[in-house]
Amino acid sequence: MLPLDVQRLTKAYGSNTVLAGVDISLAAGEVLCVLGPNGAGKTTLILTLLGLVKADSGEIRLFGNQQQGITRSQALRQQLGVMMQIGSLSANLSVYEQCDLFSSYYAHGYSAAELVQLAGLESHAIQRFGNLSGGQKQRLLFALALAGKPKLLFLDEPTLGMDVEARQALWQQVKQLRQQGVAVVLTTHYLEEAEQLADSIAVLHQGRIVAKGSPEELKALMQYKVVRCRSRLTDAELALLPAVLQVSRKQQQITLHSRHAEQTVRALLDADQQVTDLEVRPVALEQAFLHLTQTPATQQEQAA
Amino acid sequence: MNTVAIYRKEAWYDLLSILRTPAFVIPSLAFPVVFYVFFGVLFNSGGASAYMLVTYGCFGIMGPAMFNFAINIASDRAHGWLTLKRLSPMPVPAYLLAKFATALVFSLAIIVLMFSIAALFGGVRLAVGQWLLLAVVLLLGTLPFALIGLILGLTLSDKAAPAVVNLVYLPMALLSGLWLPIQMLPMLLQQAGWIWPSYHLSQIGLKVIGMDQGHALSIHLLLLTSSSILLAIVAVWSFKRLTGENT
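Sequence lines, in order, name chains A and B.
Every number in my numbering is 9 more than the matching position in the first sequence, counting from 1.
Every number in my numbering is 583 more than the matching position in the second sequence, counting from 1.
Check before you lean on any hint, since a few could be wrong.
Stated by the list, open to error - What follows is a list of derived Cβ distance ranges for each label pair:
| # | chain 1 | residue 1 | chain 2 | residue 2 | range |
| --- | --- | --- | --- | --- | --- |
| 1 | B | L771 | A | N25 | 32 to 40 Å |
| 2 | A | A37 | B | A588 | 24 to 32 Å |
| 3 | A | A37 | B | F614 | 51 to 59 Å |
No wet-lab data here; the hints were simulated from the structure.
All C-beta atoms in this analysis are idealised placements derived from N, C-alpha and C, irrespective of residue type, glycine included.
Input sequences plus hints: build the corresponding full structure.
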């Protein structure tokens, strides 16, 4: 019984197709990261799963129960935790009061004091929400998402506005939740976050999952390395080096994409003995991701 | 989960949050009370004081009911707070009843304030039964205005809500005869007064002290009740429309 199982989900606003047949499934203790450029349909996907937006067709199963439209049963909501991107609480209530209110909604959740602790806001418990910093607000919203000890957790851009320390603390908490068997759906703009947390990454582009796999698998899809150097060779000469896919130059700094970095470097050093600042790097997930989302668009443009 | 606890906490924290907003509390209470002191006490003799106690009492309870619902719900929507609550197991009636309870607390505060001023400084003398009945009428009369506020809160943006509430509140009060006795309005406006729930509420209140226009109580009750039911239907429809759309 998967916490989340989605099949052929579609949604269009008028003639604008936002989700064009999305399939995702998520097991207990799995962190799924949904990546995609703005407008890829991430937000609509999350809203549809949560029952805030009605899908046009397709199936959503939560803990094995097929969902009809936007209704989510009381029993189901007891098992969900949600941290939305836009989430602001009553500015006039204190951290403790918000926790007290939210904890009352759940049958087997955390107490108010435990939630304050989860948010790491013990020293700000009597401070009103309106007076918290952006990062502190995010931490409180994260704690409230955990109020019911959820089995399925939705985190929409959870570390937006957090400093490095708070972000790492939240990552640590998500890793602990995963160990406890919580299934997590995460959207983020930070690729480092996806690399750190995700068991699998689904790349959403133009309403479709264009790639899915572990962070390593996605990187493997992009089997090339980046070679950086300074050299007196011209672009044309560089492009003729073995295994080179692409040449770009920013002032003196040359960047080569190579299918086989060793061959490229050997030939480069033979051709120019004065090469300096040589550097070989694996491709960053960010580039892998950009490449994946650019490809279908480029293909479409060519088809058009 | 203890359902009673949810309702209790929801109501308590809604009230607490409002009480910590002096910019809401002070005008809500001061506006009708100052009007009443000015027109009902300082510039009037005994009879008009009682009449205006009822009409300014109606005016007083309408304000917080409409503003609390409209502005707070519009702002809860704008900030995603309502969405977050809807995704939680919180029963929606707990949220709405909490707001209604807050409106009742304000109504009660206004009733106590204005009754005290009327008795102490306005020379208003009523039987105990009349005081109590009038208080009950005003408390129950909070409902239709809370529903109007709810509809506005569910449909308007948080920026538009305050202005639109004023646009509904002030003309409705004037046209129902809450500022000036309705007999002083032009005939056309007097007849148009029948469409406002506030007119019927004030007439029921005035009946308690025997100063109404003399229409049957049942007509006012019928019209007030049916307009409340109509407003409730529109409110439910607005809520459904809201939850069906992307918020």
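Going through the hints against the structure:
1. Between B:L771 and A:N25 the beta carbons are some 49 Å apart, a value that contradicts the proposed interval 32 to 40 Å.
2. Roughly 30 Å separates the CB atoms of A:A37 and B:A588, a value that falls within the hinted 24 to 32 Å.
3. Under the hint 51 to 59 Å, the C-beta atoms of A:A37 and B:F614, about 56 Å apart, fit the expected range.
Of the numbered hints given earlier, the model fails hint 1 alone.
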